[in-house]
Structure formats: C-alpha cells, structure tokens
Amino acid sequence: MPQSLRRSYERTTWSSLVALALLSAPGALLAQHSHDAHQASGSEILIFPKIDLWSTSDLDTQSPPYERESEAAVDLFATADVKHVRLLGEFFVSKTEHELERGQIGWQFGETTFWFGRFHNPIGYHNPQFHHGAFLQTTIDRPGIVAFEDDGGVLPMHIMGFLVEGSHLFGHLEFAYSFAAGQGPELSDKGLEPFDLLDPSAGAHEPAFTARVSFRSTRRNAPELGVFVNRSDILADRLDVHEVEQQNAGIYGVWEGAHWRVVSELFDVRNDVIYPDGTTGNGDFAHGYAQAEYLLTDKWSLYSRIERTADVDNAYLRLMPGFVPKRELVGAQYRIGKKHVLKFETSEGHASGDDFRTGSFSWSAAFP
Amino acid sequence: VERRVSVNAKTPVLATLLVVVNLCGVTRAAPERVLVLVAGSSSTIAALPQPEIRRLYLGAPVIRDGQALEPLRNLSDRSLQEVFLQRVVFMSERAYEHQILSKVFRVGGKRPATYYASEELVEALRSSPNAVSYMWLDAARTDWRVKVVAELWRGSVE
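So the protein sequences, as listed, match chains A and B.
Just add 14 to wherever you are in the first sequence, counting from 1, and you've got our numbering.
Just add 385 to wherever you are in the second sequence, counting from 1, and you've got our numbering.
One or more of the hints may lead you astray.
[Said to hold, decoys possible] In silico BS3-like pairs for lysine-lysine, Cα to Cα no more than 30 Å straight-line: (1) B:488 with A:97; (2) A:352 with A:313; (3) B:488 with A:313; (4) B:532 with A:313.
[What the hints assert, rightly or not] A few chain A positions that, by computed beta-carbon distances, are all more than 12 Å from chain B: (5) 136; (6) 142; (7) 232; (8) 241; (9) 259; (10) 278; (11) 280; (12) 342; (13) 346.
Calculated directly from the structure, the hints in this document are not laboratory data.
These numbers come from a predicted model, not from an experiment.
All C-beta atoms, glycine included, are put in the ideal place defined by N, C-alpha and C.
Whenever a hint applies, use it, and build me the whole structure from the sequences.
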C-alpha cells in the first residue's frame with residue numbers, strides 16, 4: 015500500500031474511532047448516573063446534517079455556469095457534564111473531509127469555564143457563534159473574513175490550548191469574556207492549516223492569543239457590542255515565505271427587534287510577511303461586513319449581506335487566493351417545523367481577480 | 386323636527402344598552418393572572434432578580450450558595466409558556482428554541498429540561514433542591530410541594 019494511502023487509511027480509522035468515542039462517552043455517563051434523573055440529563059448529543067447545492071458562473075466572461083457542485087455533510091456534537099467537569103466534542107464529516115473540529119475538557123468554576131483542547135477561536139462574533147452548525151446560522155455562506163482555514167480563510171479559526179470563558183451580570187448589564195492561548199495555524203501551499211487533533215505531529219504551530227469581551231443589556235431588544243484582539247505567529251511550510259506575524263483587532267455589534275436583526279463586524283488586520291531572505295512585506299488590510307435579517311412570517315425570513323475589504327493588494331492576501339474580499343448576498347430562509355431549514359441564496363463576489371456569481375440551495379437540520 | 390325628537394326619545398334606551406354591554410364586557414374580561422417562579426418546598430433558593438432568571442433560562446450558569454441553579458420548562462399550559470417567554474425571556478418560542486440550541490452548541494451544557502405534565506414537574510422540583518420553574522400563582526398556592534420564589538409578571542391573559 016502506498017505511504018500516502020496508508021496514512022489516509024490510518025487517519026480515517028483513527029477519526030472513526032474518535033468519533034465513536036465522542037458519541038459514546040455521554041451515553042456511558044448517562045448509564046453511570048441513571049439513578050439520578052437530573053444528572054442523567056446532563057449530556058446532549060446533537061446531529062447537524064446538511065446538503066448544499068450551488069453553481070458558480072464567471073461574470074467577466076459571461077459564460078454559462080462552469081461549476082455545479084454539491085456537498086453532503088454531518089456535524090456530530092456531544093457534550094456532557096460530570097459535576098464540575100465538562101466534556102465537549104465535535105466531529106465534522108463530508109464527502110471531501112473529516113475533521114475533529116473540537117475536543118475540549120473543561121472545569122466549571124462558578125460562572126467561568128476553564129477549557130483545554132482544540133476549540134473555536136473566539137475571534138469576533140460569527141466564528142464562535144455558528145461555526146459548522148449550518149442549521150444555526152442564517153446564511154449558507156460564511157463571511158469571507160471568517161472563512162474556514164481550508165476554505166480560503168485568512169485568520170485562525172481554531173486554536174489548540176487553553177480557553178477561559180464566562181459571563182457576569184452587573185445589574186441589567188451582562189459582561190461576557192473569552193481569553194484563549196495556544197497553538198495557531200501553519201501556513202502551507204494550501205493555505206492556513208490548524209492544529210490537527212488526529213495528527214498532532216503534523217506541521218509546526220506557533221503561539222496564538224485571543225481576547226474578546228462583550229456587553230449586552232438584559233432589557234428587551236438591547237444590542238450586544240463586543241471588541242476583540244488576536245495575535246498569531248504563523249510559521250510557513252512553503253518556499254516563498256518564512257513566517258507571518260499577524261495581529262488583528264475588531265469590533266462587532268448585534269442589534270435586534272421583534273422581526274429584524276442586524277449583525278456587523280469590523281476587522282483591522284496587520285500582517286508582517288517575513289520572506290526567506292529576511293525581508294518583510296506589508297500585509298495590512300481592513301475588512302467589514304453587515305448582515306440584515308427580516309422575519310417575514312413565522313416560516314419565511316429574508317436576509318442580505320455586504321462584505322468589503324480595504325487594501326486588498328498586499329503581501330499577505332497575495333498568498334491567499336481563496337479569500338473572498340468583496341461580496342453582496344441576498345437570500346431567503348424557509349423553516350419546516352422546528353428541525354429543518356431550507357435556504358435559497360444568490361451572491362456576487364470577487365476573488366483572485368475574478369468576479370463571480372453563485373446561486374445556492376441548502377437543506378439543514380438539527381436532531382434531536 | 387319630528388325625527389330629532391324621535392332620536393332624543395331613544396337616547397336613554399341606547400345609553401342603557403351601552404351600560405349593559407359594558408358591564409357584560411367587564412364581567413367577560415380575562416381575570417388577572419400572576420406568573421411566579423417556583424422551587425421545591427424544601428429548597429433554600431431565595432428571590433432571584435428577573436435579569437438572572439432570564440440568563441438562567443438562556444443557558445448561562447447562575448450560582449447560588451455554590452450550586453448551579455437548574456431551570457425546568459413548564460409546557461403543561463400553552464398560555465403560561467407564551468407569557469413566560471414573551472414577558473420574562475423577551476423571545477418568541479421559535480427564537481428561544483434556536484437560542485438555547487445555539488448556546489449548547491457553543492459552550493456545551495444542556496438545554497433546560499421540559500415537562501408537559503404538572504405532576505412530573507412538581508416531582509422534579511421536589512427532588513432537586515437547585516431546580517426552579519414557573520407556574521401560575523393559583524396553581525403554586527394549592528400545591529404544598531412547591532414554594533414561590535419570585536413574582537415574574539401580573540396581568541390578564543387573552
């Protein structure tokens with residue numbers, strides 16, 4: 015058996031075993047605590063399946079759709095509490111990839127949880143809020159700035175290490191906080207590659223730090239406002255770059271009424287791209303997006319999003335051809351009962367010098 | 386002129402009718418109901434401010450005497466559930482279900498346990514000293530197994 019095939023086979027087997035372990039752990043805990051109804055319900059297993067269909071056409075050549083694709087995927091999630099210890103695992107499987115998205119063990123101390131493992135980087139609002147929970151997020155596509163590392167992402171979406179998070183109420187004002195420190199991604203020819211729990215020895219991962227705080231009044235329709243900073247040293251496993259020193263900061267806001275919601279995030283990203291000869295390239299840029307959602311009826315909602323990037327032509331983004339710096343998107347969502355959602359979306363975007371239009375359809379669900 | 390006199394003659398009758406209709410309306414208006422937060426009768430949980438109750442039902446840990454409180458949902462009465470979500474949590478049922486699912490997916494833990502039968506809910510409250518739930522005051526007063534922790538809302542239910 016060729017070495018690469020063997021490695022892939024071993025990785026798949028190992029992944030399947032870990033996924034099985036993740037799903038069976040809460041079941042075992044249930045059995046262990048079956049004498050106590052309240053303890054027994056201290057775990058959850060959630061399954062988020064989805065099917066996406068999309069076609070993309072090049073707006074510059076006005077050619078007919080040149081790319082029709084589909085993806086079926088399942089995100090398996092399990093969590094369990096045993097006294098003050100909390101376990102959390104998430105495994106993502108699709109036709110093209112399988113990845114242990116999160117594997118965390120935490121200690122709950124009052125309103126604060128101390129985590130160790132691989133977790134979603136609490137950078138901004140969208141990434142920790144939705145991630146692979148397609149059913150939970152309004153749109154089909156994620157904003158370009160928080161695209162997954164293997165999908166043209168330019169910021170670290172996962173960190174392996176320590177995370178402290180919690181919230182506290184001061185009168186009517188809720189203050190939430192997240193502090194993360196660990197190993198960030200590596201930069202390869204394929205883009206950013208986060209620490210792989212199933213292949214821990216792969217790649218070289220340097221330190222990454224993130225801090226996020228947010229405020230929200232507990233009164234009706236009060237907005238949530240947050241600020242965040244991140245610092246990542248990203249070693250490169252490629253011939254043209256040695257390392258990227260990345261620092262970014264941003265703000266976000268979520269405003270909502272009875273029938274509408276607006277989410278917006280702004281990122282100021284500073285990159286020093288260090289080349290093998292020791293010279294440095296400037297990779298600074300700024301990105302912002304705003305997304306508006308309107309609940310038309312009990313079942314239908316409409317949404318729209320605009321994404322813009324300033325200073326696109328820079329040393330860092332030239333290394334990231336998959337990044338979508340500019341996009342306009344409109345869509346509609348139709349809910350079937352409590353567990354199914356259909357989404358219809360069309361967008362125009364720009365990446366790697368090409369303008370393109372995408373039409374997408376998605377079914378997603380959450381069980382149980 | 387004749388016509389005007391005729392209208393005037395009918396005025397006391399109309400007024401009397403209006404009064405009768407009004408009185409009927411008053412007697413048919415929904416009675417005032419009081420929504421309360423309850424715990425098991427042996428529980429030591431003291432009064433909770435409304436913002437804390439909202440946070441608790443949205444999945445945030447709320448600690449009292451070193452113990453995390455456990456929120457239980459009372460789905461035995463449709464109007465009770467609606468009033469609780471609208472007046473205390475400030476959300477529609479759809480938005481609330483989405484919110485608590487999202488919270489569990491993000492930070493782990495579990496969604497509040499749901500009870501469709503009052504008897505099972507009261508038993509759950511009685512067996513767990515850190516559990517709280519909500520019910521109408523008249524139901525809470527007639528059951529010795531629960532105690533009222535806080536008044537959440539007062540008004541008439543359409």
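We went through each hint and held it up to the structure:
Taking the CA atoms of residue 488 of chain B and residue 97 of chain A, the gap is near 19 Å; set against the 30 Å cutoff, the hint holds. For the suggested pair residue 352 of chain A and residue 313 of chain A, the alpha carbons sit about 10 Å apart, so the restraint of at most 30 Å is met. Straight-line distance between C-alpha atoms of residue 488 of chain B and residue 313 of chain A comes to about 22 Å, which keeps the hinted pair within the 30 Å bound. Using a Cα cut-off of 30 Å, the hinted pair residue 532 of chain B and residue 313 of chain A is violated, with the two alpha carbons roughly 39 Å apart.
At the 12 Å boundary, the C-beta of residue 136 of chain A falls inside the reach of chain B, the nearest C-beta of that chain being 10 Å off. Not every beta carbon of chain B lies more than 12 Å from that of residue 142 of chain A, the smallest distance being close to 6 Å; the non-interface claim is violated. Some Cβ of chain B comes within 12 Å of the Cβ of residue 232 of chain A; the nearest lies about 4 Å off, and the non-interface call is violated. Every beta carbon of chain B lies more than 12 Å from that of residue 241 of chain A, the smallest distance being close to 19 Å; the non-interface claim holds.
At roughly 29 Å from the closest C-beta of chain B, the C-beta of residue 259 of chain A stays outside 12 Å, upholding its exclusion from the interface. At roughly 19 Å, the least C-beta separation between residue 278 of chain A and chain B is larger than 12 Å, which holds for a residue marked as non-interface. Under the 12 Å C-beta cut-off, the non-interface status given to residue 280 of chain A relative to chain B holds; the minimum distance is some 22 Å. With a cut of 12 Å on Cβ distances, residue 342 of chain A stays outside the contact zone with chain B, its closest approach being about 26 Å.
Look at residue 346 of chain A: its CB is around 16 Å from the nearest CB on chain B, clear of 12 Å, so calling it non-interface holds up.
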